[in-house]
Structure formats: structure tokens, C-alpha cells
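The primary structure of each chain is shown beneath.
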Amino acid sequence: MTMLGDRQQLSYIASQAADARLNLELETEGMTLNIGPQHPATHGTLRIIARLDGEQVVWAEPACGYMHRGYEKLTEVRTFPQVTTLVNRIDWLGSFANEVPFILAAEKLMGVEAPTRAQYIRTILFELSRIANVSLFLGDLGVQLGAITPVFLAFRDREYVLNLIESATGGRFHPNFDRIGGLKDDLPAGWIDETRAVMKKLRNFCDQIEDLLFGNEIFQSRTRGIGVIPRDVALQYGLSGANLRASGVDWDLRRDQTLPMMWNKADWKVWTHPDGDSFARCWIRLQETRESTKIVDQLLGSIPSGPVMAKVPKIIKVPEGEAWVSTENPLGEMGYYVVSRGDLGPFRVKIRSASFNNISITPWLLRGVYVPDIVTILASLYFILGDIDR
Amino acid sequence: MIGLLAEVPYWGQSLLRVLGGLVAVLLPAGTIVYIFLFKMMSFMQSRLGPMEAGPYGSMQLFAEVGKWLQKEDIVPDRADARIFKMAPIIVLVSTFLLVVVVPFGPDAFFTNFETGVFYALAVSSVSVLGILIAGWSSANKYSLLGGLRAAGQLIAYELPMVLAVMGVVIQAGTMNLQKIVVAQNSGSMFGIDVVGHPYVVSQFVGFIIFMIAIQAELTQAPFDMPIAESELVSGYMTEYSGFRFLIFFIGEFATAGVFAMIASVLFLGGWGVPFTWFGWTSIDDIANWMNFVGPLIMFTKMMLLVFIIMWIRFSYPRLREDQLQRFAWKGLIPVALANIMVTSILKVVF
Numbered sequence: 034m035t036m037l038g039d040r041q042q043l044s045y046i047a048s049q050a051a052d053a054r055l056n057l058e059l060e061t062e063g064m065t066l067n068i069g070p071q072h073p074a075t076h077g078t079l080r081i082i083a084r085l086d087g088e089q090v091v092w093a094e095p096a097c098g099y100m101h102r103g104y105e106k107l108t109e110v111r112t113f114p115q116v117t118t119l120v121n122r123i124d125w126l127g128s129f130a131n132e133v134p135f136i137l138a139a140e141k142l143m144g145v146e147a148p149t150r151a152q153y154i155r156t157i158l159f160e161l162s163r164i165a166n167v168s169l170f171l172g173d174l175g176v177q178l179g180a181i182t183p184v185f186l187a188f189r190d191r192e193y194v195l196n197l198i199e200s201a202t203g204g205r206f207h208p209n210f211d212r213i214g215g216l217k218d219d220l221p222a223g224w225i226d227e228t229r230a231v232m233k234k235l236r237n238f239c240d241q242i243e244d245l246l247f248g249n250e251i252f253q254s255r256t257r258g259i260g261v262i263p264r265d266v267a268l269q270y271g272l273s274g275a276n277l278r279a280s281g282v283d284w285d286l287r288r289d290q291t292l293p294m295m296w297n298k299a300d301w302k303v304w305t306h307p308d309g310d311s312f313a314r315c316w317i318r319l320q321e322t323r324e325s326t327k328i329v330d331q332l333l334g335s336i337p338s339g340p341v342m343a344k345v346p347k348i349i350k351v352p353e354g355e356a357w358v359s360t361e362n363p364l365g366e367m368g369y370y371v372v373s374r375g376d377l378g379p380f381r382v383k384i385r386s387a388s389f390n391n392i393s394i395t396p397w398l399l400r401g402v403y404v405p406d407i408v409t410i411l412a413s414l415y416f417i418l419g420d421i422d423r
Numbered sequence: 043m044i045g046l047l048a049e050v051p052y053w054g055q056s057l058l059r060v061l062g063g064l065v066a067v068l069l070p071a072g073t074i075v076y077i078f079l080f081k082m083m084s085f086m087q088s089r090l091g092p093m094e095a096g097p098y099g100s101m102q103l104f105a106e107v108g109k110w111l112q113k114e115d116i117v118p119d120r121a122d123a124r125i126f127k128m129a130p131i132i133v134l135v136s137t138f139l140l141v142v143v144v145p146f147g148p149d150a151f152f153t154n155f156e157t158g159v160f161y162a163l164a165v166s167s168v169s170v171l172g173i174l175i176a177g178w179s180s181a182n183k184y185s186l187l188g189g190l191r192a193a194g195q196l197i198a199y200e201l202p203m204v205l206a207v208m209g210v211v212i213q214a215g216t217m218n219l220q221k222i223v224v225a226q227n228s229g230s231m232f233g234i235d236v237v238g239h240p241y242v243v244s245q246f247v248g249f250i251i252f253m254i255a256i257q258a259e260l261t262q263a264p265f266d267m268p269i270a271e272s273e274l275v276s277g278y279m280t281e282y283s284g285f286r287f288l289i290f291f292i293g294e295f296a297t298a299g300v301f302a303m304i305a306s307v308l309f310l311g312g313w314g315v316p317f318t319w320f321g322w323t324s325i326d327d328i329a330n331w332m333n334f335v336g337p338l339i340m341f342t343k344m345m346l347l348v349f350i351i352m353w354i355r356f357s358y359p360r361l362r363e364d365q366l367q368r369f370a371w372k373g374l375i376p377v378a379l380a381n382i383m384v385t386s387i388l389k390v391v392f
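Top line first, the protein sequences correspond to chains B and R. Counting from 34, one number per residue, gives the positions in the first sequence under our numbering. Counting from 43, one number per residue, gives the positions in the second sequence under our numbering.
Each hint should be verified, as a subset may be incorrect.
Said to hold, decoys possible - In silico lysine to any residue, SDA-like type, Cα no more than 20 Å apart, as pairs: (1) R:K221 / R:L288; (2) R:K81 / B:F188; (3) R:K183 / B:V91; (4) R:K183 / B:E94; (5) B:K233 / R:S88; (6) B:K234 / R:M86; (7) R:K81 / B:G69; (8) R:K372 / B:G69; (9) R:K183 / B:Q71; (10) R:K183 / B:K234; (11) B:K234 / R:K372; (12) R:K81 / B:G98; (13) R:K81 / B:Q89; (14) R:K183 / B:E88; (15) R:K183 / B:W92; (16) B:K234 / R:S88; (17) R:K183 / B:G69; (18) R:K183 / B:I181; (19) R:K183 / B:E250; (20) R:K183 / B:T65; (21) R:K183 / B:I82; (22) R:K183 / B:L85; (23) R:K183 / B:M64; (24) R:K372 / B:I181; (25) R:K183 / B:D86; (26) R:K183 / B:Q89.
Rather than coming from a laboratory, the hints here were simulated on the basis of the structure. Every value quoted in this text rests on a predicted model; they were computed, and no experiment measured them.
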């Protein structure tokens, strides 16, 4: 290196040192902002500890556990049919979907399979709870970003779906309808036509939300390129559901798994998005709501007649063994690892809920973003507190 | 009546005028604007809105005022109590002072400044002080962030607002709001005399910039980061409760109304409509009937503009802080400057 080069280098070092000195003199302490446990953006009791430099996040970590209800432990003192009452309350917006994997795991251990009609109805109710769940997400997204109108549309149209779930199961939020070996009851008369009409309304709702939010320039500028999760990072953190598909991973348990459910009887598409940003995650959920309405429509057309309950003993004792069943729930992969010792109740149940894994990426994702983007990112990751803390 | 007023000392007259402004203009305007907005918002969101208080929910404002007045006036432990209590009053005072210069008819005004525009723009920025004080003295991190955001935003949008008004001032050749109204109504458009010449036609760019700027000044969506309830809980208002929160809350709607009045005076012809000047030659001729019809016309125009402000507010998401600043400095201000340049060149040419 020539002499000039050395001098350039020295002057560069000197300027860097001067900058560093200036930074040291002007250094401010930074501020620790507690977002939550009670905060409008966390819609529940999640606490996010963020250390800020101005409005920029230097370090952030979620502190969960404010709503831990100990369901895994509680299942040990319940009989198998009683467990559905507990697990209903994990993801409270799509309750029926929580029951299904547990019941499937119990059926797997018992070697029972539900009749075809019951499987159809299960799949339909599963998709209805997904629609009820995700349509509220689509409305809530607007509120998080400051647009207050979409949430009212979402509540209006979700009500139709909840009414359907209520008329079929008797419970709006917590159906508690799934039984080992089938379902509690058959569908009420006229339910199928009603559901068809509602699915049409929900597709209109999706179009409205697309016009109102997704086409809006401000919404796009707030979400595009914000909170980008590359494909390999998403896989490393164990994301699932729409968050994973938005990072370009073509992975959907409804299609990739063979379960005694009826998704393979319908013609539908798994959407993926290459971007991995907040917009992609929201857009994937919008498309999935549309696909769900299609699944419901097609299954309603081909639903067979027959019983809804297989022959199972009155007092259910599950034989000794271990089983793992997971399904593609509204929030992502949800699974139950059930260990039975041949008693009335399970010996041990491990619940894998989607939001817990989805939220685990936030320390990585929130580093360096601005305070308004925290809200965008948390909203687009879409977690439900009950699903994090169980 | 006039004789009675003449015997009252000058400060008394001023006090009466201000009280008159409060009772005759702000209170009814606030009530009507409030119920109108709530109903409008509800219908946009497929719900009914207030229905219980009074017929068709028309007494909702009074119900809410009653509710807020009953609440405890909480001052946080570590807050700077005196300044904390003062802040909402400052914000409201800035609104009151704005009404003073708005003309509602040929003789229906509170004061008639030669430099009305200048005064209005100066007074409107007093509210920044109140908001900054509120954010700082609350001793709350969310309030502080909200207050700082508000200060940055209001200062950034003050500039395009002033520049947009400059075009009107150049075209009218006066800073007196009353004379600006008269110039619009007695002017001619495309050679036709009687229709007048509302500046929204020739100053359309200025009008758009002005509307965007007052949207930001009022901290309404898409420019509502200072309040940003999903991020900052309630921004600078987080720690306020009871009637101090009420002042902020009502002040928000009242200020929207007052800014809409200023906009309608500057761009929509104030208390006149096209054909106001038909068959008349001077302002004294039409004063008799315009003093009664004028306020109603003003009110209609104000409602129209408030409707537009709120329509945007209810349907748009919120911008981010840096996007907002970029929009003001890189978008609005250059356009406003170009608008002034073109206006002054055309003024000289014609």
C-alpha cells in the first residue's frame, strides 16, 4: 500500500474515532418501554419489553405467561370426553378446531374411526371456525393500523358464521361438540342451505376487505417490506400456518397429511407468497378465508347420509399407548401428544399450540424496527393469547 | 341593544363577544357536528350509533359530558401537576381564539382584523404548545412519545398550510377574511359576473393542500400517530381523565369544525353562495338578509368539509411517522411553493 493509502486510512480512522467520541458525548440512556400486559395492540395480556433508542427498537422480548391456565396439567385429572371442554379455550376464536386433533389422537389410540358423515361435518365445522377466526383477524388488522371501519364489517359477518356454529352445536364460542367416535348430534334441518348463503356473504366480505385495506396505498406502505422473515429463518423458528406459507414454504397439513378428515374431497389451493413480509402474511390469510369458503361449499354438496356416531362403549377407556396428531388450525400447526395408561383420563398431554412458536420469532424480528412497526408486525404474525399461554 | 353595548367598557364588550362566541357558535356547532359525525360513522360501519340519549340519540353529547364530569380528575403522582392541568385549556383556548375572526355574514362577526389570515394561522399553532405540554408533563412514556410526535407533525404541516393560504391571499390581495369572502362573491368567473368566484376553482391545488394539512393539524387518520390508540394507548391524552379528557375530546371535534369554517371562508366563498351578488352593488345592500342566511350557508359548508375530513378519517389506515414527514417535506411543500409561484405570475399577467 502506498503512503497516500496509509494517510487515507489514518484519516478514516481519525474520523471514525471523532464520530465515536461524539456519539459517546451525546449518548442517551435509551428507554425501556413495556408494551403490555395491558395494551390495546396485544389484544390480551402479552407483555413485550422493548428497549428503545428514540423510536427505534434496540432489543425486544415477549414475556408470556400472564394468562397461563395449566391445561396440560388439568387434562390429567379429567376423563377423555371432558378434555374437549378445556381445549376449547386455547384458541378461543376458532374453538372447534382445537377439539379435533385431540379427539383424533384419542380415536387413533382406541382404533376407532368416525363415520363418513361425521367426518364431513367435522371438516365443515373446522373450516367454519377457521373462517370465524381469520375474518376477525382481517378486521382487527385495520384497527391495529388505524382504520376503524373494517373491524365492524368483520364483526358483522363473523356473526353469521357464529350463528351457524351455534345452530349446529349449541355453543357460539365453545361448541364442545366433538366426541370420540363421531359427533354429539346431526346437523339441524335447513342448515346446509343457510350455510351456502353465508359462504356467499363471507366471499363478499373478503372482496370488501380487499378493496378497503389491501388495495389501500397507506396500508401497503405500512406493511410491505416490514418484518420480513426469510424462508430459512421461518423454518428455524418453527413457524407454521400462514406465517410459514407467507415466507414461501409450501406446507399445509390439511393437504400433506392423511387424517380421517375430508379436505382431500374438495378442490382447493394452498397459497404461498415469496415476500415473507407483513403484507404477505395478511394476504395469505385473506386468500385462505376464500379457500375455506370454497371447501365448505364443496363438502356441503357431497355430504353423505348415515350415522354421526360410531359404536363406542358408554364409559370410554383408552388403551395404553402414545399418539401424536396435529392439524392445520387457523393459527398454524396445532398438535396433541397424548399418553394413555389405559385409564379413564390421559396420563399426560403435551399441547403444541401454533402461537407459542409464532411469537418466539419476535426478538429476532423486532430488532431495529420502529415503534409503529411493532404493531404492524405483531398484528401480521397473528397470535391469540390463549394459544400462547394455554 | 347597540346603545346598551356602547355603555359597556371595551373589556366588557370583548368578554361578551367571546361568551357569545361560545354560546352562540361553538356549543350548537359542537353538538350538531358531534351527533352528525357519530351517526355518519355508524352508518359507514353498518351500525346504528347512539340511540338511547334523546330522540334518535340527539342528546348524546350531553350524556357524555355528564358522564365525564362525574369522573375523578386524576393527576399522576410524578406529573407536573400545574402544567398538567393547564394543557387541555391551552388547546381549547386556541380553538376559541380561532372562531373570533371567522365572518358569518356581512355584519355577523366577532372581530374584523385587517390581518385575519395571519392571526388565524398564528393562533392555530398555539395548540401545539398545549399538546407538547400535555405529553411532557404526564410523566408517561406513551404520552411523551405522543407529544413529541404531535409536535413534529404539527410543525411540519403548519408550513404547507401557510403556503396554501398564501395563494388565496395573493389572489384576493388582502389578509382580511371578510374582504376575502367579498372578493370571492363579487368576483367573476369566465366573464360571468353574478356567479362569483370561489377560490376552490382557481386555487384547487391550494385547497387540496389545505385540506390535507388541516387533516394533519387535527391529528385525524391517516395522520393520527400522536394518538395512535393501537400503538401509544392514547398518546398525549393517556393520563387524562374526567373533564380534562373531555376538553381534549370535545376540542378535537370543535377544532375540526373551526378549521372547516376557515377553509370554507378561504376557498368556498364563506357566507355567500353563487348569485349572492345578483342585482346588488355593495356589501351594505345585501347586509340585511345575508346576516341571517349567511350563518346558515356557512354552517352547511362547514358540515360538508367536516364530512370530508371525517370520511377520510374513518376509512384510511394510519401512516407511519417517517412517511408522514416525508409526505409533508417532499410532497406538499414543493407543490405549495409551485402553486404560489404560478398564482403570483398569473396575478401579474392578468
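Run the distance test for K183 of chain R versus I82 of chain B: straight-line Cα separation, threshold 20 Å. Holds, at about 13 Å.
Between the alpha carbons of K183 of chain R and L85 of chain B, is the straight-line distance 20 Å or under? Status holds; Cα separation ~11 Å.
Below or equal to 20 Å on CA atoms is what counts here, so check K183 of chain R against T65 of chain B. The hint holds at about 9 Å.
Within 20 Å, alpha carbon to alpha carbon, are K183 of chain R and W92 of chain B? The given pair, whose Cα atoms are some 17 Å apart, holds under the 20 Å limit.
Taking 20 Å as the top limit, are the C-alpha atoms of K183 of chain R and I181 of chain B close enough? 25 Å, violated
Given the hint that K183 of chain R pairs with G69 of chain B, test it: the Cα-Cα distance must not exceed 20 Å. Answer holds: K183 of chain R to G69 of chain B is near 13 Å, not above 20 Å.
Taking 20 Å as the top limit, are the C-alpha atoms of K372 of chain R and I181 of chain B close enough? 28 Å, violated
Need the status of pair K183 of chain R, Q89 of chain B: alpha-carbon distance at most 20 Å? With a Cα-Cα distance of about 14 Å, the restraint between K183 of chain R and Q89 of chain B holds, given a limit of 20 Å.
With a cut-off of 20 Å on the C-alpha distance, tell me whether K221 of chain R and L288 of chain R pass. 36 Å, violated
Holds or violated: K81 of chain R with G98 of chain B, Cα cutoff 20 Å? 41 Å, violated
Is K183 of chain R within 20 Å of E94 of chain B, Cα to Cα? Judged against 20 Å, a Cα distance of about 18 Å means the pair holds.
Sort out whether M64 of chain B lies within 20 Å of K183 of chain R, counting only the CA atoms. The hint holds at about 8 Å.
The structure is inconsistent with the numbered hints 1, 7, 8, 10, 11, 12, 13, 18, 19 and 24, although it conforms to all the rest.
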